[in-house]
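Protein chains in written order, with the working numbering: chain A, 469 to 917; chain B, 469 to 917.
Derived by calculation from the structure, the hints in this document are not laboratory data.
Be aware that one or more of the hints could be misleading.
Repeated chains share a single entry, so a pair holds when one copy, or any two copies, can fit it.
Below, simulated DMTMM-like cross-link-like pairs (lysine to aspartate or glutamate); rule was C-alpha separation at most 20 Å, straight line [claimed, not checked]: (1) Lys849 - Glu883; (2) Lys916 - Asp493; (3) Lys906 - Asp569; (4) Lys839 - Glu801; (5) Lys836 - Glu526; (6) Lys548 - Glu503; (7) Lys836 - Glu519; (8) Lys736 - Asp644; (9) Lys802 - Glu863; (10) Lys839 - Glu863.
2 protein chains.
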Amino acid sequence: MANEIIVIGSGAAGMTAASSARATDASAKITVFTEDEDIAYSPCVIPWVLEGRSTWNEIIMHTPDFYKKEKDIDVHIKTKVESVNSDEKTVTADGKTYKYDKLIIASGGRVFIPPIQGTDLEGVFVVRTVRDGKNIEAALKDAKKIVIGGAGVIGLEIALAFANIGKDVTVIEMMDQVIPRIADRDMADPIQAYLESKGVKFVMKAPIQAVNGTGKVSGVTAAGKEYPCDMIIFATGVRANLDIAKELGFDIGQLNAIAVAPTLQPYKRGRLVPDVYIAGDVMQCQSAIMPGPTMSQLGSSAVKEGRVAGINAAGGNALFGPVASPWVSVIGEKQIAGTGLSLGLASWYGLKTVTGKATGLTRARYYKGGKELVVKVIADKTTHRIIGAQIIAGEDATGRINWLTSAAVEGVTAEDFLFRAENAYCPPTSMVQDVVIKAVEDLCRNLKQ
Amino acid sequence: MANEIIVIGSGAAGMTAASSARATDASAKITVFTEDEDIAYSPCVIPWVLEGRSTWNEIIMHTPDFYKKEKDIDVHIKTKVESVNSDEKTVTADGKTYKYDKLIIASGGRVFIPPIQGTDLEGVFVVRTVRDGKNIEAALKDAKKIVIGGAGVIGLEIALAFANIGKDVTVIEMMDQVIPRIADRDMADPIQAYLESKGVKFVMKAPIQAVNGTGKVSGVTAAGKEYPCDMIIFATGVRANLDIAKELGFDIGQLNAIAVAPTLQPYKRGRLVPDVYIAGDVMQCQSAIMPGPTMSQLGSSAVKEGRVAGINAAGGNALFGPVASPWVSVIGEKQIAGTGLSLGLASWYGLKTVTGKATGLTRARYYKGGKELVVKVIADKTTHRIIGAQIIAGEDATGRINWLTSAAVEGVTAEDFLFRAENAYCPPTSMVQDVVIKAVEDLCRNLKQ
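Okay, chain A solo, but in the shape it has when bound (with noise of 0.2 Å):
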C-alpha cells in the first residue's frame, strides 16, 4: 500500500515538503490543500513586482499542472481545510474527506494587523500572497499618499519601491529605529538615512492608534497625530496560524506557535504526536545561539524545515536542527544582513555582549567598482563566543553573512576565529584581507579592554 502524505499549505515549506517527500518515495501518494491560488512562489519578491521591475507570471515557478505532471503530487487550490481529525487521520477539505498516512501541517502566518478602529476599511491591504500584491497592484494607480506600517526588512523593501514609482510614503514605526528586532541602531540608521535620501519619510517612536475614513482609507492617526493617505499596508510581522493546531489540541511554545521536536513532531501534552509533522511559519524552533526558543519566518527556513517534514513523513530520518536564522534584504542599492542574535536580542537573553566593526570597501582599493562594506561582529563578552553579525555593503553581504553564521553556529570564540580565518583574494572580489576578518580584529581588541 502507497503511504498517502497529505500536506496542508504551499508555501515554501509545504510545496519543499511534498517535494522531498516525493524524492524519498517514488511510490507515495502525495496531495497538498492550500487556501492560496498560486503556489510556489516568492513572496520576498512582491516589491519587486508592484515597482515594475518583474511580472506576476515571472516570479511564479510553477503551476499544479506542472506538480501533476512532474512529481504526481496533486494540489488543490483555493481549498480551505476545514477540519483534520487526528485519531481517525483524516483531513476533511471542500465537503470531502480524505484519509492520510502522515500528515504535514504547513499553514504558515498571518501579518498581524493591530486591533484597532477602521482596518476593514477599504484600501488597507497586507503584503503576503501574490493575491495581496494584486489587490494593491489594483489600488495603487489612485494612491497619491501611502504608510506603510512598520519598518521592518518588508516594510522598507516596499517604501522603496513605492518611492520609486513616484509615490507619498511615509513609513510609521513604533520603535525608534528602523528593522528594530534584528539589525542595531548603528546599522539600522544609515539604511534609514539611505530611504530618506529616496524620499521615503519616517515617523518613528509612532504606534498606530486608528485607521481613519468612511468606508476608504482618508488617513491614520499615529501617536497622537492623522497622518493623511489614500492606502496603508500593514507590514507589521507574521502570526502563527494556529487554528488547525489548537483544533488538535497541540502544544503551543512560548512564542504562541507550534512547540516541535527535532523531527518536526509537534508535542500534545508533553507527548510526540505520532504521524504528524510541521514546518514553515507555524512553528517556533531552537535558537543555535542561545538555549531557547527562536522564530525564524524565513523563506531559507522554511525549505530546510520542508525538506526535514517530507524526508520524515516519507519514511526517510532527517532532523532540524537549532538555527541562527541568517537574514538579507537588498534596499535599492544598499544591503544589509545579520545572523544570530542582535544587540536587542542578546540583552533579552540577560548576555553581556562586546561588538567589533570594521569599514572597508568589497573590492581592492585601487579596483575599479567596489562597493562600500561595513561588517559588525558581536560576541558574548564571557565566553567570547560569535553571538551576532550585521552587514551593509553595496554588494556581496549573503556569503560573508554565511562565513560568519558557520562560525558562531559552530560556538567559535572571537579570537579562535582570527586565528583560524582566512579569505579567499582577488583583487576584484575583495580586500587582501576581507573586512569580515578586520572586523573580528576590532572585537579581539575591545574583547581585551
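Use these hints to put chain B onto chain A, whose structure you have.
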C-alpha cells in the same frame, strides 16, 4: 631605548609586518629594505594593467614617503641586503651596517624558470613585480605571438588579458589540465573551454624543453614540437628565496621553504631562533586539513603572516595557525575558487575521497541577472570531514568559498554541515537554498552509498 626592527622585503608580508609592528609599538624604530623600486602594490592585478584596464600608478597604493610621513617607517628601495649577522644582530645593505633588536625576513619568492636553454634570451619574462610588468609592457607592442609557460591561475589570467588585446596566445602546460595542482579536472576543464572560446590556444601534457632564438626569442620547443613566438612568459610557480636563510643556517622544511614555529620564528638545527620572524612566500606553514607542511603563497596569507610577525617583533603576542589556503581567480566573466585539498592533493596525502556537486544560480531563478554557480565539495571517506571545495561562478564565489573554508577548518563533517548550515536568502543574492547546501546534500547522499 626604542626597539629597532628591520624588515627585509616590501611585498604584502613585509609591509604588513612593518605596519603591524608600528600599530603594536608606537615608538619602535622600523626600517624596511627592499630590492624593488615600487612597494605596496598587488601583483595580482598586473594582468589587468597589461590589458589596459588599469594603470601602474593606480595599483601602487603607497610610496615610501607615505610610510615615512604616516607611519614613521623608513623604506629603503632598490637596496639589496648584502649580509645578515644574527649573532651581532646586524644587517649590511648599501655598504652600511644597521643594528636590529628584531629582524623580520619577508624576502619572498622567485618565479621558477625551468633549467633549459634560451631562458636568457630577449623576450623571456616572468610576472612578479611592477618592474616585470613594465618590461613586458615595453616589449608587448612588437609581440604578435605569445607563449605562456604554465596554466596556473596567473598564466590563465595573463593569457586572457593578451587575447583580449588581440594577441595570438598559446598556453603550454606540462600536466593534462589547467590549474593542475589546486583544481580538479571537472572544474578546470570548463575554465579551459571558456578561454578557448576567447581565442586562447592550449598545448597540454607538453613540458617546455627549450627556448629558441638568436639573441631574441623566436619560439619554444615543448614535447618535441616547435611553437614560434615573439615572447614567452613563464608562470611556472614561485619558489622561496632562501639566500638569507641559507646564509644564516636556518632549517629548511620539506617543501624547500623556511620552517617556522607558530610564532613565525625560524629554527636553526631544531632550536628556535630568537629575535627573528619570517613571513610571506619564503616560509612553509601547516595544513589545517591534514597534519603536515604546506605552502600558502597567497597575498591573503602574506598579510596574515605579516601581521603575526610584526606584532611579535614589536613585543606583542600573536600566533600563526594552520591554513586551508582559500583562493579565487577572476578570468573574464568566470570566477574560479577553491579551498583545502583538491582531489590530487587529497590523493597525495593518501586520503580516500567522496565528492558532491550541485549546479544552480547566484540568484533566485526568476530574478533577472542570476549567473551560473557550480559548487563541488570533497569529503574524507573515512571521517566524512569536509576537506576541500571548489566553485565556478559568474559572481559571488568568494564569500561562498570563505564559508566552506570556515567549515573545513572547524573540522565539520558533511552531515553536520547539512544539519547546521543556513543561508541568508533574498532573491537578488541567492537561491532560497544556496547551491553550497545543495552540493553538501549531494555529498551526504554519496557518502551513504
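How the hints compare with the structure:
1. Lys849 - Glu883: within (12 Å within a copy, 31 Å between copies)
2. Lys916 - Asp493: between (54 Å within a copy, 17 Å between copies)
3. Lys906 - Asp569: Cα proximity of Lys906 and Asp569: none, with 54 Å in one copy and 29 Å across.
4. Lys839 - Glu801: Both: 10 Å inside a chain and 19 Å across chains, each within 20 Å.
5. Lys836 - Glu526: between (33 Å within a copy, 10 Å between copies)
6. Lys548 - Glu503: within (5 Å within a copy, 78 Å between copies)
7. Lys836 - Glu519: between (30 Å within a copy, 14 Å between copies)
8. Lys736 - Asp644: Classified as neither; 40 Å inside a copy, 62 Å across copies.
9. Lys802 - Glu863: both (7 Å within a copy, 17 Å between copies)
10. Lys839 - Glu863: The answer is both: 7 Å in one copy and 15 Å across copies each meet 20 Å.
The structure is inconsistent with the numbered hints 3 and 8, although it conforms to all the rest.
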